[in-house]
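Asker: Chains L and A, in that order, are what the protein sequence lines are. Note that the first sequence ends on residue 389 in our numbering; no numbers are left out. Note that the second sequence ends on residue 260 in our numbering; no numbers are left out.
Please note that the accuracy of each hint is not assured.
[Stated by the list, open to error] Where chain A lies over chain L, by a calculated footprint (3+ residues, C-beta under 8 Å):
1. 66-79
2. 104-116
3. 357-365
[What the hints assert, rightly or not] A few chain A residues that face chain L, going by a derived Cβ cut-off under 10 Å, partial list only:
4. K33
5. K35
6. K73
7. L138
8. S190
9. L191
10. A197
None of these hints come from the bench; they were simulated from the model. The beta carbon of each residue, even a glycine, is placed where N, CA and C say it ideally should be.
Letter by letter, the chains look like this.
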Amino acid sequence: MSYAMTEEQELIQSNIREFVTEHVAPLADSLDKNGEYPSEAVVKMAEQGLLGLVVPAEFGGLEAGYLSFVASVEELSRASAATAAILVQHTVATGCIGRWGNAEQKGRLLPGLASGETLGSVAVFENGPKLGAGAEALIARQHEHGYLLKGAKIDVGNAGKAGIYVVFATAEPGDGKKLTAFIVSAGQKGIRVGPITKCTGLHGYQTADISFDDVFVSKEDMLGALHGGSSIVGWTLALAAVAEAAETVGIVATAVKHAAAYSKQRVQFGRSISNFPAVQIMLAGVAANCHAARLVALDAAALIDQGKPFEVESAMVKLLALNLGQKSLCEAVQVEGGYGYSEEMALARLYRDVAGTTLRNSPAEFPEKLIAESIA
Amino acid sequence: MPKCLVCYKWTLDEQDIKIEPEDLSLDSSRAKGKISDFDRNAIEEAALLVEKNGGAVDALSYGTASVKQSLKDALSRGPGKAFWIGDASAEAADACVTANVLAAAIRKLGQYDLILCGEGSSDLYNQQTAPRLAALLGFPCLSFVNKLSVDGEVVTATRKLEDCVETVTVKSPVVISVLSEINKPRIPSLKQVLGASKKPNEEVKIADLGLKPEDLHPKAMRKSVKGFVMQRKNVVYKESSAADNIAKLKVSLASEGLC
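Next up, chain L with everything else stripped away, as it sits in the complex (with noise of 0.2 Å):
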């Protein structure tokens, strides 16, 4: 194990879970229902310091860490895994900036997207069988001062709303595979947000495609090195997969809840169904596999904080997290019958959230195959 909640985590975990009751839980249901942007979720959230939890205090964050963030993020989740998702994506551009950022890059973004000023998101995937390959992919051409960017960028989340996008292009000269991420800022003239993507779940957190019409960005606007994005991608989409692991951990922790109190009162052949054990084990498996994904969420997120790899263990959070989303969530729905079906009960849109945590950002070869190849 690599971790142990410290009494300061804890005292932030609970502190988010009195502000999730008090801010996040009464927006969820309207949120999931008209699909608008929680904007004055994420002021609060912003005002609560959750925008700068991962950023270091000499640039105007809590620097709190990651095993802090992915609490907050289970925390926010058990009440509305959208207003999650915005946290999440804020954050992983806010790590990329922070981990492979240079001291000016640093001091001139993070305050901002810690204090909530700015909000981040982070640009991978694109329409193509891999990064690069595709006819839409995003290239960047070397010019004077800097590059041009052409190309597009799918499911982008925070689209529209953040001031900077953390961006993977392949940089020429290469050879398809290599791959430079740049900060862009919204504002940079070529940029176009396309339609707001209607998604089955997670309601209110933005998705779009965003295209590049020989956007300029600086070389003082390249994070890392030249064809160093491999790396970052890799870490980017590591640290997403702990955190939406995250995120389905509590919306089956709150559907597990709720099946179990339905339970309790649902009266069959004059007894209460929680007593029947085919109900029982439906319940347990549930729980017992929650408490697990969570763990294992946590343990990632330490060795983030701890500075070790992590991406194996990532792409094992990552796996339990498919396998506990979509079933945990069927189990819970058969607890409750029909009613449990229905639109009117929690569970409906807390199924449909889980097929938005559990099935975002999931290239073809992740997790399988990284696991699969670290086995020694």
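With chain L fixed as given, assemble chain A onto it according to the hints.
Answerer: Then chain A, alone, in the frame of chain L:
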């Protein structure tokens, strides 16, 4: 500028307490601690007064060894320093013992203008700490307070009583117990949560308070605690028409004075 002391209790979170269906005993083995709800209002009110008038807020708590777990939580909510008395005597302490210990500690800590408490604790809700404390210290006591202001030495409070609302003024020092409606306790920011560990706290040893053994001997001994479970009546009306069922339901509710 008032110098305030808030007395708070570290209680078990009632949401985590399970009632065993067989004998209605309470299982608190998995219950976490929390600052008693009304005491949060007291802390918030002291913080608001100091934000408005200047001055300082300290916090004081008497409990078992677990009270130490409360310090960062309490300090994140406004107080600049926390004093704590962790002693096994708190396990069986009644309101009398609690007041004896707190009063002795306050005498030792020095002069405070306002001593604030919650109206009652989340667990026992005896509503006795503030009046007993005031009596022991020889200070006036204002209970059931839902509005509070300070102007120099003059403290003005609105008290919500059973059949009226009265506004009173007293000269400090004074002991005040507040109702939950006096304010809405803020949720500390994460910066305040993390900053709490940098604030000072000090243990006050019960042995240093000059208390006699009888001061720590509870006058009321709790013999048992049982949970309360609302029992459903499980009455089912099986008349052939809905109108008859409703009529029967109406009669039943009327017989219990519910309509």
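Asker: Has the segment 357-365 of chain L got at least three residues whose CB is nearer than 8 Å to a CB belonging to chain A?
Answerer: Not satisfied, violated; 0 residues make the cut.
Asker: Taking 10 Å as the limit, does the beta-carbon of K73/A come near enough to a beta-carbon in chain L?
Answerer: holds, 6 Å
Asker: Under the criterion of a CB-CB separation shorter than 10 Å, is K33/A in contact with chain L as hinted?
Answerer: holds, 8 Å
Asker: Next item in the hint list is A197/A. Is there a CB on chain L closer than 10 Å to its CB?
Answerer: Holds, because the Cβ-Cβ distance from A197/A to chain L comes to roughly 8 Å (cut-off 10 Å).
Asker: Hint check: is the beta carbon of L138/A less than 10 Å from a beta carbon of chain L?
Answerer: violated, 32 Å
Asker: Are there at least three residues in the segment 104-116 of chain L whose beta carbon sits under 8 Å from a beta carbon of chain A?
Answerer: This one is violated; 0 residues, fewer than the three required, reach chain A with a Cβ under 8 Å.
Asker: Would you check whether S190/A satisfies its interface hint, that is, whether its CB is within less than 10 Å of any CB in chain L?
Answerer: The hint holds - S190/A has a Cβ within 10 Å of chain L, the shortest such distance being about 5 Å.
Asker: Should the interface hint for K35/A be scored as holding, given a Cβ-Cβ cut-off of 10 Å against chain L?
Answerer: holds, 8 Å
Asker: Can you confirm whether chain A covers the segment 66-79 of chain L, using C-beta to C-beta distances below 8 Å and requiring at least three such residues?
Answerer: Since 3 is at least three, the answer is holds.
Asker: Interface hint check: L191/A, Cβ to nearest Cβ on chain L, cutoff 10 Å. Holds or violated?
Answerer: holds, 4 Å
Going down the numbered hints, you'll see the structure goes against 2, 3, 7, while the others check out.
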